[in-house]
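Q: Protein chains in written order, with our numbering: chain A, 1 to 107; chain B, 108 to 222.
Hints listed in this document are in silico derivations from the structure and should not be mistaken for laboratory results. Among the hints, a few may not be true.
To be verified - Think about it this way: if two alpha-carbon atoms lie no more than 20 Å apart in a straight line, the pair counts; the simulated SDA-like pairs of lysine to any residue are: (1) Lys94/A <-> Arg116/B; (2) Lys22/A <-> Lys176/B; (3) Lys94/A <-> Leu148/B; (4) Lys22/A <-> Gly147/B.
Said to hold, decoys possible - Some chain A residues flagged as far from chain B (calculated, every beta-carbon gap over 10 Å): (5) Val13; (6) Tyr39; (7) Asn64; (8) Ser69; (9) Gln104.
Idealized CB from N, CA, C, for every residue including glycine.
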Amino acid sequence: AQRVTQPEKLLSVFKGAPVELKCNYSYSGSPELFWYVQYSRQRLQLLLRHISRESIKGFTADLNKGETSFHLKKPFAQEEDSAMYYCAPFGCQKVTFGTGTKLQVIP
Amino acid sequence: EAQVTQNPRYLITVTGKKLTVTCSQNMNHEYMSWYRQDPGLGLRQIYYSMNVEVTDKGDVPEGYKVSRKEKRNFPLILESPSPNQTSLYFCASSPQASGSGGEQFFGPGTRLTVL
């Protein structure tokens, strides 16, 4: 069965501190991995996907197939990064999202 | 403007009164999906559709129906709503079901309250 684990429900960091949002997945086949972000009272939007290997808003994520992890990182948190973050593998028709991590950046 | 729209955005109803939440996309996407978002549970997939007339169950399909008669529309039907279906619902579409086309575009959400 597909499973996505985001172990932290809430992550609080000070502005300027490094951020790491964890995501571990259990998935058959070779899914494509995504991170989505949801700012307060807004719809979900794509933050980044692993195949593009690009950095969006300073965030990066490395796919570790051995550990089946896709952790999201940013070296210096900004207040505008406060949001809900969801990890989502997408490899077949059915989609399983993680339960999400709320990132709170303290000024 | 490329977008996914949902209607209504807010709905308060009573137990047992049938309702439909509409979802429409103007991007000619093949894949469409419905999710519910609940605190502590994240997003859970209700139903998805690979293309016209092709639908399948997600993780939490009980109490819901869908149809895909046209490529652009994917309504969510609650035949007999119950209070445990009180939730925030999101519709999403994607160019295709897997691979590099797997990015999903989300609608603005529908907040449903069942009394």
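Q: Mind checking the alpha carbons of Lys22/A and Lys176/B for me, to see if they're no more than 20 Å apart?
A: Outside the cut-off at roughly 39 Å; violated.
Q: Would Asn64/A pass as off the interface with chain B, using Cβ distances and a cut of 10 Å?
A: Its Cβ never comes within 10 Å of chain B, the nearest being 20 Å, so this holds.
Q: Was Ser69/A rightly flagged as not at the interface, with every chain B Cβ beyond 10 Å?
A: 18 Å, holds
Q: Please settle this one: Gln104/A was flagged as non-interface, so is its CB more than 10 Å from every CB on chain B?
A: 16 Å, holds
Q: With d taken as the least Cβ-Cβ distance between Val13/A and chain B, does d exceed 10 Å?
A: 21 Å, holds
Q: Beyond 10 Å from chain B, beta-carbon-wise, is Tyr39/A?
A: 12 Å, holds
Q: CA of Lys94/A to CA of Leu148/B, is that 20 Å or under?
A: 17 Å, holds
Q: For a C-alpha distance cap of 20 Å, please report whether Lys22/A and Gly147/B respect it.
A: Holds - the C-alpha atoms of Gly147/B and Lys22/A are around 16 Å apart, at most 20 Å.
Q: With the threshold set at 20 Å, check whether the alpha-carbon distance from Lys94/A to Arg116/B stays at or below it.
A: Violated, at roughly 25 Å.
Consistency note: the structure conflicts with the earlier hints numbered 1 and 2.
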